[in-house]
Amino acid sequence: MAILEVKNLTKSFGGLKAVNNVSFRVEEGEIFGLIGPNGSGKTTIFNCINNYFPITAGDIVFKGRTIKGLKTYKVCHLGIGRTFQVVKPLSRMTVLENITASAFCRVNSIREAQDEAFQVLEFCGLLKERGKLARSLPIGGRKRLEIARALATKPELLLLDETAAGLNPTELDDAIELIKGIRDKGITVLIVEHIMKVIMTISDRIHAINFGQTIAEGTPHEVANNPAVIEAYLGEGYAQG
Amino acid sequence: MRKRSIAFIILGVIFLLFPLVIHSGYYQHLVIIALMWVVIGSSWNLLAGYTGLVSFGHAIFFGTGAYTAGVFVTKLGISAWWGMMFGGIVSMVIGLAVGWICLRLRGPYFALATLAGGEIFRLIAINWEGLTEGMVGILIIQTFRSKIPYYYIALALAFLCVYVIYSLMKTKWGYYFLSIREDQDAAESLGINTTLYRNVSLLISAFFTGMAGAFYMNYMAFIDPEVVYSLHYISIMAILVGIVGGVATIFGPAVGAFVMVGVQEIFRSAFFGVAPKWISQAHALVFGLLVIFVIVFLANGIVGDWSKIKRTVFRIRESA
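From first to last, the protein sequence lines stand for chains Y and E.
For the first sequence, the working numbering gives the first residue as 1, with consecutive numbering after it.
For the second sequence, the working numbering gives the first residue as 242, with consecutive numbering after it.
Certain hints may be false.
[As the list claims (entries may be wrong)] Derived pair list, reagent style DMTMM-like, types lysine to aspartate or glutamate, alpha-carbon separation capped at 25 angstroms: (1) Y:K17 / E:D426; (2) Y:K74 / E:D546; (3) E:K413 / Y:E156; (4) Y:K154 / E:D426; (5) E:K411 / Y:E129; (6) Y:K74 / E:D426; (7) Y:K132 / E:D424; (8) E:K411 / Y:D115; (9) E:K413 / Y:E28; (10) Y:K128 / Y:D174; (11) Y:K68 / E:E506; (12) Y:K154 / E:D424; (13) Y:K68 / E:D546; (14) Y:K63 / Y:E27; (15) E:K411 / Y:D204; (16) Y:K132 / E:D546; (17) Y:K154 / Y:E112; (18) Y:K7 / Y:E28; (19) E:K411 / Y:E122; (20) Y:K71 / E:D424; (21) Y:K132 / E:D426; (22) E:K413 / Y:D174; (23) Y:K128 / E:E467; (24) E:K413 / Y:E129; (25) E:K413 / Y:E112; (26) Y:K71 / E:D546.
Since the hints were made in silico from the structure, they are not lab data.
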């Protein structure tokens with residue numbers, strides 16, 4: 001059963017259609033990749049899913065129920081966690097406090113929230129950094145913190161927005177392992193990514209968009225060989241290649 | 242930790258015994274006013290320091306609390322002490338309205354909206370003579386001739402306010418306030434109803450400030466709009482108390498309150514009559530200089546930068 005269905009999603013900013021009639025289904029338990037060149041509307045789709053922006057037309061269905069127009073925090077309570085491309089650490093709070101704050105999404109007492117936070121920190125490999133202020137973390141740590149914070153809200157579906165951007169090769173491998181680990185916990189992952197190494201190795205299926213419109217969908221192999229995708233990424237001359 | 246609790250016990254004993262040992266009404270008065278400022282400063286700090294909503298209009302709540310208590314006497318004939326509780330509640334109701342309007346705005350825009358709000362309330366209080374007696378002000382008869390009962394009421398109120406905020410910051414609400422301060426969008430995506438919790442913070446802050454206002458009415462027995470809705474004497478003073486003591490620290494505003502009331506009094510009285518009279522007119526200038534000093538050297542306030550202060554003092558002593 002599809003955990004998330006995006007149906008004919010359209011989002012306009014004035015006259016600009018940032019997302020135009022995009023549809024896809026994310027199945028439970030898979031890692032679903034969303035790719036496209038810069039400015040093709042990937043993050044906009046994320047922002048529409050958790051209703052950071054109201055959508056112009058179409059529908060978004062989570063576990064068989066429409067979530068269109070639901071407040072952002074309610075979307076989170078229903079079980080959709082997200083990370084931000086431009087990381088938004090709660091800078092002047094420690095790593096532990098960051099995670100504890102989001103763990104309060106499911107529990108009310110400080111003890112339960114901290115217990116949950118410790119588990120998430122361990123899972124994400126941030127246990128050693130727990131006492132540090134979030135702003136003192138390097139970018140790799142901040143990306144991890146974003147993921148950890150989203151995980152602490154106990155999502156069933158996790159939206160990862162370019163969590164691998166800006167990481168060095170070692171950190172990249174760690175990130176891949178982490179995302180696989182999240183899937184193995186039974187959390188469905190919808191990931192936006194630019195780095196092909198990441199998206200091609202971990203995705204079960206990929207949906208490619210350009211100029212806000214669908215250009216391809218399929219397994220990583222199918223999408224990588226799709227002429228429209230190659231054209232979008234490399235230019236027309238390479239499409240026949 | 243143990244050293245700390247001993248310090249707190251000693252401090253508590255000093256505060257409890259103070260009016261019994263120091264009989265001078267003048268010093269008792271100063272400490273009562275300082276304790277009232279502990280309440281206002283801590284409330285302001287909850288909203289501005291912890292929730293990130295810098296208010297330039299806390300006079301709205303202080304004045305409303307004071308006028309609630311005052312109007313209770315003049316219009317309803319009920320003891321102004323009832324106003325202590327209802328002053329807080331009426332301020333909360335006003336807080337709801339202020340929040341409904343101002344909390345659509347963020348950062349400096351919120352600050353400006355509250356600044357304007359404070360002026361609106363001052364003008365209403367001046368012009369709505371049927372309710373507030375306008376510029377004539379409200380005069381009531383003090384309940385106690387001694388200052389000691391007022392002292393203990395102020396002390397209890399200050400303790401309650403600081404303790405509530407201290408406890409609150411260790412709960413879900415406290416974490417939510419901090420998250421909202423750090424990044425409202427991130428907080429929202431973490432499942433935090435930011436609109437609700439921003440209002441919660443504002444209402445708690447308004448409640449305690451309103452109670453402080455009602456206390457002021459009871460204690461001073463006279464209010465007029467230019468005092469209790471004053472931008473300079475209330476709204477700005479609340480910010481100074483917070484900044485000087487230490488924003489987003491539990492005891493910062495408490496320390497700030499005593500420092501600011503002390504500084505204000507020293508200058509108002511021209512160094513207790515020793516210095517020439519014109520000094521007393523320069524107290525606003527000194528406030529300005531003090532704030533500049535704090536921002537440059539103690540950006541986190543006296544409490545926030547306490548370790549820095551200790552280090553500096555230690556170094557001076559060593560080199561001497």
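Okay, the hints, checked on the actual structure:
no., hint, in the structure
1, Y:K17 / E:D426, "24 angstroms, holds"
2, Y:K74 / E:D546, "39 angstroms, violated"
3, E:K413 / Y:E156, "23 angstroms, holds"
4, Y:K154 / E:D426, "19 angstroms, holds"
5, E:K411 / Y:E129, "21 angstroms, holds"
6, Y:K74 / E:D426, "13 angstroms, holds"
7, Y:K132 / E:D424, "18 angstroms, holds"
8, E:K411 / Y:D115, "15 angstroms, holds"
9, E:K413 / Y:E28, "31 angstroms, violated"
10, Y:K128 / Y:D174, "16 angstroms, holds"
11, Y:K68 / E:E506, "59 angstroms, violated"
12, Y:K154 / E:D424, "20 angstroms, holds"
13, Y:K68 / E:D546, "47 angstroms, violated"
14, Y:K63 / Y:E27, "10 angstroms, holds"
15, E:K411 / Y:D204, "42 angstroms, violated"
16, Y:K132 / E:D546, "18 angstroms, holds"
17, Y:K154 / Y:E112, "13 angstroms, holds"
18, Y:K7 / Y:E28, "17 angstroms, holds"
19, E:K411 / Y:E122, "23 angstroms, holds"
20, Y:K71 / E:D424, "17 angstroms, holds"
21, Y:K132 / E:D426, "22 angstroms, holds"
22, E:K413 / Y:D174, "32 angstroms, violated"
23, Y:K128 / E:E467, "55 angstroms, violated"
24, E:K413 / Y:E129, "22 angstroms, holds"
25, E:K413 / Y:E112, "11 angstroms, holds"
26, Y:K71 / E:D546, "40 angstroms, violated"
Of the hints listed earlier, those the structure fails to meet are numbers 2, 9, 11, 13, 15, 22, 23, 26, in rising order.
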